[in-house]
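**Q** Let the sequences and hints guide you as you build the complete structure.
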Amino acid sequence: MGPALKQNLKRKVAHTLDLPSEVLLDQATIHLMGDAEVHIVNHKGLVGYTRDCIKTRSIQGMIEVMGSNLEIVSFSSSEIRISGKIRQVMLT
Amino acid sequence: MISLWMWWYGYVTVRLRGPGLERLLNKMAELDIVLHKVERPTVDVMLARLKVKDFRRLRPLLWDSQISVSILDKHGAPFFFGKFRHRTFLAIGLLVSLALMSYLSNFIWFIEVSGGESIPTEALKEVVADLGLRSGVARSVVQPRLIEGVLLKQFPTLAWAQVKMKGTRLEIVLTERDQPQGEYTGPGNLYAAQDGVVTEVFVLRGTAKVRVSDTVRQGDLLVSGEYYDAHGRKQSGAAQGVVKARVWYEGVGEAALTRWEPIYTGKSHRQYLVTIGSIKIPLGRSAPKETHIPSEREWQLSLGRAMVPLRLTEINYREVEYQKVSVPRQEAERIALQLAWESLLRQGVEREQVREERQRVDFLADGDGIRVTVQVEVLGDIGLFRTH
Chain G
1 MGPALKQNLK RKVAHTLDLP SEVLLDQATI HLMGDAEVHI VNHKGLVGYT RDCIKTRSIQ
61 GMIEVMGSNL EIVSFSSSEI RISGKIRQVM LT
Chain B
1 MISLWMWWYG YVTVRLRGPG LERLLNKMAE LDIVLHKVER PTVDVMLARL KVKDFRRLRP
61 LLWDSQISVS ILDKHGAPFF FGKFRHRTFL AIGLLVSLAL MSYLSNFIWF IEVSGGESIP
121 TEALKEVVAD LGLRSGVARS VVQPRLIEGV LLKQFPTLAW AQVKMKGTRL EIVLTERDQP
181 QGEYTGPGNL YAAQDGVVTE VFVLRGTAKV RVSDTVRQGD LLVSGEYYDA HGRKQSGAAQ
241 GVVKARVWYE GVGEAALTRW EPIYTGKSHR QYLVTIGSIK IPLGRSAPKE THIPSEREWQ
301 LSLGRAMVPL RLTEINYREV EYQKVSVPRQ EAERIALQLA WESLLRQGVE REQVREERQR
361 VDFLADGDGI RVTVQVEVLG DIGLFRTH
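Sequence lines, in order, name chains G and B.
Its first residue numbered 1, the first sequence is counted upward by one per residue in the working numbering.
Its first residue numbered 1, the second sequence is counted upward by one per residue in the working numbering.
Hints should not be assumed to be uniformly reliable.
As the list claims (entries may be wrong) - To give a feel for the contact side, a few chain B residues facing chain G, derived at Cβ under 7 Å: (1) 22; (2) 25; (3) 27; (4) 35; (5) 38; (6) 42.
Keep in mind the hints are simulated off the structure, nothing from the lab.
Think of the CB as a built atom: it goes at the ideal place given N, C-alpha and C, for glycine as much as any other residue.
**A** The structure is reproduced here in structure tokens:
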């Protein structure tokens, strides 16, 4: 079974059983608090880190947080907390 | 934010330098190493904080990479207490002084009184001392409500008394009653409180004995308390009224035309003073006040809001040589004028009441000073009530 088919099946199971999709599908969750803090849960690794842009990988694709004076407040296998002046959060 | 737990277990600030730092961070995350406050000052440098035990697990990850790691700083309880391992007496001293401070903060060391200006200080001190309130008394012994009650009972002029304990300081706040005005005290007359020329006479009760433009001397009768009522009967009461007059006051001020000014020589000497409660322990020698000008800086130890009775004072004695310098005449005149006015204000003159002002400037007999005499004319109520 291919990965796309697997994801599709998981999505259908989650929908049928009314389960939170981020748990079953391992989807990334992004919490944005005003324009000062972002929490990314279920990331799949850090790709790039500068003071203007932080890029992380996820199941859905690349998550890009853009802004100024960005800083990683904490970094673990499941969660990244970013602080600074956030202007844009993009999923590419 | 670095948590208290992290501080308790100890953490280090590390600098990672080399290419592919993001890859290293991901590898660390796979090993469940949590990084805090990750900074990126330059492309090939990252600063991060991590627990001490995680730092030991970081080494194997760097074996096959070009990244170098170095510890910039160590924080937390293990490092803080580690400092005392070889400084036993410092640790003991710290603990003893903390225990001493904690013990001493259970006592009242400072007693402050505000308000109650008319109450004699000695009488107040006596009453307070009888209640066992003195510097060095235990806080637990002090009963604020009891002291307030006794103060109100002992001093009938008090309207309100409050005793507040703030750390090692005890504040006694007193408020006095306003004295009732215009109380009838029996038959009497209005007399002139000072010399003057009468400009206005207004009688509420009694008989006027002076007229406008009369010149009166201090003690002259202005309004008699005797009067005739509607039935023509002679009555004797308390004279009431307003007698305004032009009054002259004189104020004199003197100022020298030379003065001794201190010139700093550049030499200085320091002395420290440790104050524990009422005990002062000088560290170092003081310097004679005739040749030195002292300046003080003070540090009061406090634990939160509690004042600890431990104070350190630094006294800086700067050596001076006195030189005689001449004072410009205008400046001397200004000082003398100011002193003359201070004398007038002490006599009860208010600047707003002044109708006319005359000044005279004279040199003192020795020629080394100046005297300014200020004469002012004011309009005021000169009536003074006295019973028979």
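**Q** The structure should be examined with respect to each hint, and the outcome stated for every one.
**A** Cross-check of the supplied hints:
1. 22: With Cβ-Cβ at 5 Å, under 7 Å, it holds.
2. 25: Holds: closest Cβ of chain G sits about 5 Å from residue 25 of chain B, inside 7 Å.
3. 27: Since chain G brings no Cβ nearer than about 9 Å to residue 27 of chain B, farther than 7 Å, the hint is violated.
4. 35: 4 Å, holds
5. 38: 4 Å, holds
6. 42: 10 Å, violated
Going down the numbered hints, you'll see the structure goes against 3, 6, while the others check out.
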